[in-house]
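Trainee: Read top to bottom, the protein sequences are chains A and B. Here the first sequence is numbered in this note's numbering, starting from 1 and rising by one per residue. Here the second sequence is numbered in this note's numbering, starting from 1 and rising by one per residue.
Incorrect hints may appear among the rest.
As the list claims (entries may be wrong) - Derived CB-CB ranges, DEER-like:
1. B:A40 / A:E306: 51 to 61 Å
2. A:D440 / B:A305: 23 to 33 Å
3. B:P50 / A:A474: 48 to 58 Å
4. B:P446 / A:W311: 30 to 40 Å
5. A:R157 / B:Q88: 52 to 62 Å
6. A:A454 / B:A54: 51 to 61 Å
To be verified - A short list of chain A residues far from chain B (calculated; beta carbon distances all over 12 Å):
7. E5
8. E89
9. S208
10. A291
11. R321
12. A337
Quick caveat, the hints were computed from the structure, so don't treat them as lab data. By construction, the Cβ of each residue, glycine as well, lies at the ideal position given by its N, Cα and C atoms.
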Amino acid sequence: MLLDELLIFERGAPGRVGWPVAESLAGEPAVPALPPALQRDDSLAGFPEVSELEVVRHFVRLSQWNYSAATTLYPLGSCTMKYNPVVNEALARLAGFAALHPLVPDHLAQGALEVVAGLEAALAAASGLDAVSLQPAAGAQGELLGLLLVRAYQADRGGARRRVLIPSSAHGTNPASAALCGYQVAEVSVDGRGLLPARAVAAAMDESVAALMVTNPNTLGLFEEEIEAVAAAVHARGGLVYMDGANFNALMGVARPGDMGVDVMQFNLHKTFSTPHGGGGPGAGPVAVRAPLAEYLPVPRLVRTEAGLAWSEEAPKSVGRMRSFYGNFGVLVRAFAYIARLGAAGLPEVTRLAVLNANYVRARLRGTYHLPYDTPSLHECVFSDRHLQDFGVSTLDVAKRLLDYGFYAPTIYFPLVVKGALMIEPTETETKETLDAFVDALLAIAEEARRDPAKLRNAPHRTRLARLDETRAARRPVLRWQGR
Amino acid sequence: MSGYAPHTDGDIAAMLAAIGASSIDDLFAHVPAGLRARAAIDLPAGLTEPELRARFEALAARNADGAGPAVFLGAGAYPHWVPTAVDQLLLRSEFLTAYTPYQPEVSQGTLQATFEFQTFAALVLGLEVANASLYDGASAAAEAVLMARRVLPGRRTVWVSSALHPHYRAVIRTYVRGLSDVEVREVPFATDGRTDLGALRAALDPDALAVVLGQPNVFGVLEDVARAAELARAAGALSITATAEPLALAMVRPPGACGVDIAVAEGQSFGLPVAYGGPGVGLFATRERYVRSMPGRVVGETVDAHGRRGFVLTLATREQHIRRERATSNICTNQGLCTLAVAIYLSLLGRQGLRALAARNYRAAHAVAGRLEAAGIPRRFGGPFFNEFVVQAPAARWEALAREGVVAGFPLSRWYPALEDALLVCVTETHGARDIDRLVRGLAAPAARAASG
């Protein structure tokens, strides 16, 4: 039973109540009933009828079937699965933040507005850019906002520019965001070192290009060494430079996007700034811009008045709203707490140690695993399965076998510029001992590939479930409980 | 030092030796020196944990926390009791610190809980399938419009009710800004606070792409969704509803049962605090036949190599990491942990608890509306409502109440300049009898106030 938990809908018994609520209070007057045509008539058939203990036990059991960053190394490249400080959970739950209604008059929310103002200022300082919006709910929504800002800026300058340049190494959200914004995507290939050559960007630039979207460091973990020349080439033809800040953990105290020539970028607070990934969110994707783009930022904007901080809707050129209210505020509190804890010296230290850890893993694995790009890398490293193919072993097999060793797997088959990619990002919060154990596991797996490849192809062996049939799931989708 | 980084001097020396570097600075040698020289971050020094707590406790104390002023605000964020078990379970690190379940063999907890969330979302909204969440109700409404465009290419006009929450309308407009083939137009509301379906009927033509309504709408009024869906269908367009207060749907006929094609909701009411407006979670449900046009992540059932039931992310060929610029949406990270809160909350409340809670909200709000009416404060709109309604009350009275520590509601003139002196009042199970008395007395006409003593 411990290993085979039913769906919550398959548990319980008719009439059981987990968390009783009285329908009305004593002495309450009778009120008119809802018109019959508006009434729900299935009395919530299908809903579970379970006790509180059944619910607690159900979800505790489910939780035990997850690997998480708190249980093991979670080296998912490009995701920055660092330690999520426990204190930040307590701070976000303070009643003054958690129970604060978003529409109370501003004078009853000054503490919350200080959090917003403080985080905006900190992100501007870290990026070297001029203005920040905290509204986007995740990195991809930040990308969408960034491109909408580009579009509004270009439209005001008379340019009906229709294309966005994107390097071949980019994350899939980049072209998807560009398309959502009505842009055609033009791909620019990275060179033999895995870098974006300024010459190639200059050749691809013309007056139809609204912006270049560049990830720096890129998805190979490489700093774009020609970024200043790349930005100059884009600016020379009236384009803007958008930077995907997913990998900002490699840049704090090292290089500011504003200094590189970046005009717009998004942060992923759930990556660099340690807010919990939650099994896939909630995140936050604030956007920072250079001053000429600030007037297009979403409403409402936070302003300082004589009476204190206040929200202002007065922004005639704003692109509008990305979501209701002001953003994933609870996430913003955690990120601001992280920044306040680490401070001016702590953030650069994060970057230095994240880069040290990634280079250590890279140094220990190279030679055994194929390193497709030998260029110096920062916070993550990308290997491929080329050395293992002779044994009929793929990246997927290595990933599954790592689970048997008690580690989560790296990001696999991404970036697309590397065939069979294994993308490893250890982050700064891991000890040398943990990294050694992880590397030893990968070295042992490479040895197993030679000796006993079938063991890898059938992995994992020690997890609760064996390899899952993803083809079947997609061919005949069952997306919800189907009933008793 | 922060205390989060574990490196000793000995570790650093040994790691640098293995790398073949003489210092950590060497690892950044390929970053242009000019950039490195300017990269200092202008921030205060770091804090110890006790200092950090003190600073944030002081900030939190400058906000209205529910224990201070009595707040009768809804308008898109709803105060409800959250069972202690919900947050206790959300703090399980195995849920809290995992990520998108790319390796299903060691992510079955997140995957099964998400599958349960999808089932709940479909049940609440009365539709066949639901995704694994979008960011919030407003962006889910915008994604619904984009989905309609994929289902019905070539049609142009999206008819949005002007009684849909203004944030939802604004986000829809933002999301289609870059698209030249979609136009958003508004349908007025009638004197009873419902969307003017006569006007909608007259407006719908063969170019109509979709009709979007709130249910309840921003005035708390329940729409005739069945009729609106019928009109949309007759014009060949899709019908979409957006629900900011989904607790209503425990007693109100759900959108799917009214013939709606896509229904979205803000899930904050189901187990999440108002948290100054986020994080919440966007519920998104539709009909089975549209599933391959649906945006967002989705979890499906399958079996493992030994035939045991398990769950995986599926239908990925719709998504950005495979389709890139041809994806159905750019969404990647969604609101994972918030979907877990919803699943836990709805499991705890269950079939009886959720219905009882909805009845309680309905009765409490109607009782307050009745008392206000008796005290000379009429409702502005006559349409049926759930736990939120609009009254006509002189601004001077609710301004005076605010000074006494009662935020009586949301002044709608901020969103609808024509609705002068209109106050949107929300009453839920969280509001006690004493605060309700203060609200009624404060808003009441002076004569009625004197009479009630």
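Trainee: Each hint should be assessed against the structure and marked as holding or not.
Mentor: Hints versus structure:
1. B:A40 / A:E306: 51 to 61 Å: Check failed, 33 Å falls outside 51 to 61 Å.
2. A:D440 / B:A305: 23 to 33 Å: holds, 27 Å
3. B:P50 / A:A474: 48 to 58 Å: holds, 51 Å
4. B:P446 / A:W311: 30 to 40 Å: This hint holds: roughly 33 Å between Cβ atoms.
5. A:R157 / B:Q88: 52 to 62 Å: holds, 54 Å
6. A:A454 / B:A54: 51 to 61 Å: With Cβ atoms ~59 Å apart, the hint holds.
7. E5: violated, 7 Å
8. E89: violated, 7 Å
9. S208: Correct as stated: the minimum Cβ-Cβ distance to chain B is 15 Å, above 12 Å.
10. A291: holds, 17 Å
11. R321: violated, 4 Å
12. A337: violated, 6 Å
Checked against the numbered hints given earlier, this structure breaks hints 1, 7, 8, 11, 12; the rest are met.
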